[in-house]
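K.L.:
Sequence:
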Amino acid sequence: MRKQPRPYRQVFYGQPVNWKHPLNRGLVSWWRVLPKFAGGLRFADLCHKNQGTLAGPAWSSPGRCSLSFDGVNDTVSIANEVNFDFERTNAFSVSCLFRQNNTTDTAHTLVSKRNSVAPEEGWEMSVFDGTDAGALQFGLFNNNPTNRILVRTPIDGIGANTWYHALATYSGSSTAAGVAIYLNGIKPTLTIVTDALSASILNGLSVQIGSRNNVNNFHNGHVAEAQVWNRELAAGEVFQVYQQSLLQWPETLNYLDGDWMLGSAAAAPGAGVGRGLTHSLRLGRLALAG
13 MRKQPRPYRQ
23 VFYGQPVNWK
33 HPLNRGLVSW
43 WRVLPKFAGG
53 LRFADLCHKN
63 QGTLAGPAWS
73 SPGRCSLSFD
83 GVNDTVSIAN
93 EVNFDFERTN
103 AFSVSCLFRQ
113 NNTTDTAHTL
123 VSKRNSVAPE
133 EGWEMSVFDG
143 TDAGALQFGL
153 FNNNPTNRIL
163 VRTPIDGIGA
173 NTWYHALATY
183 SGSSTAAGVA
193 IYLNGIKPTL
203 TIVTDALSAS
213 ILNGLSVQIG
223 SRNNVNNFHN
233 GHVAEAQVWN
243 RELAAGEVFQ
253 VYQQSLLQWP
263 ETLNYLDGDW
273 MLGSAAAAPG
283 AGVGRGLTHS
293 LRLGRLALAG
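For the sequence shown, the numbering used here begins at 13 and goes up steadily by one.
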């Protein structure tokens, strides 16, 4: 009899990923805060490929399992930048479980491989708190602002002191239609700011979590985990990644404004069954204690 894949993406907190799980197909990195054996902490890659080096962020509550960024100069630099050199013709996906401390900063960078100086080539997920306050945005840049793709969620969708799960997917189409952004597993109505990408977005810079190239747009808040895939996740997969992020943080979960379910990889939101748990879904925000 053929052995069936195990149902988990990861066995226990801090252990390697289960590569047989369909959600881990194309997973490049999955970062979490983990203690060092010799003391201190690290932003570890569960894929054991691209480790993070902390420059300032502190180990913080809730649950002592997130990084606290000061919004001034804190960042995490990720090794092996070439593993994240996605061209405009390559499909990829990026996720982040985060909280921001305020909505007054111009921008909170979450996960970025974007240059901080002209022409600002690269890609980036961030929260924009300027004119379109509280909008989650994802962009691919050759020459900002003329040669780029930039897509945003509705304004006022991201508040302060609340945890959110963000996930952006890109099809490799070189068009804004190829970008999808999901907030807490749900794709809201998106605004296309710019749809004019026609040249390379490659650079030789390290991925940064919490800043743009360790120079500006520093995140003021927390990050609990981040993930990158070298493929475009389907909507049902995105929802499952969101659900499993909730399950990985049971000690910090305060409340979820909405029911949730565990579903199969092909299940659509609101219509899944998994390991004895079946619930209807309504749109809600993720809030963690702390």
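Calculated from the structure, these hints are not laboratory results. Note that the structure is predicted; figures quoted are calculated from it, not measured. One thing to keep in mind: the hints can contain errors.
To be verified - FRET-style restraints, in silico, Cβ to Cβ:
#, residue 1, residue 2, range
1, Arg37, Thr116, 35 to 43 Å
2, Thr201, Ala91, 36 to 44 Å
3, Ile167, Gly38, 28 to 36 Å
Glycine included, each C-beta is placed from N, C-alpha and C at the ideal position.
K.L.:
Hint numbers the structure violates, sorted upward?
P.N.:
Hint check: nothing fails, all pass.
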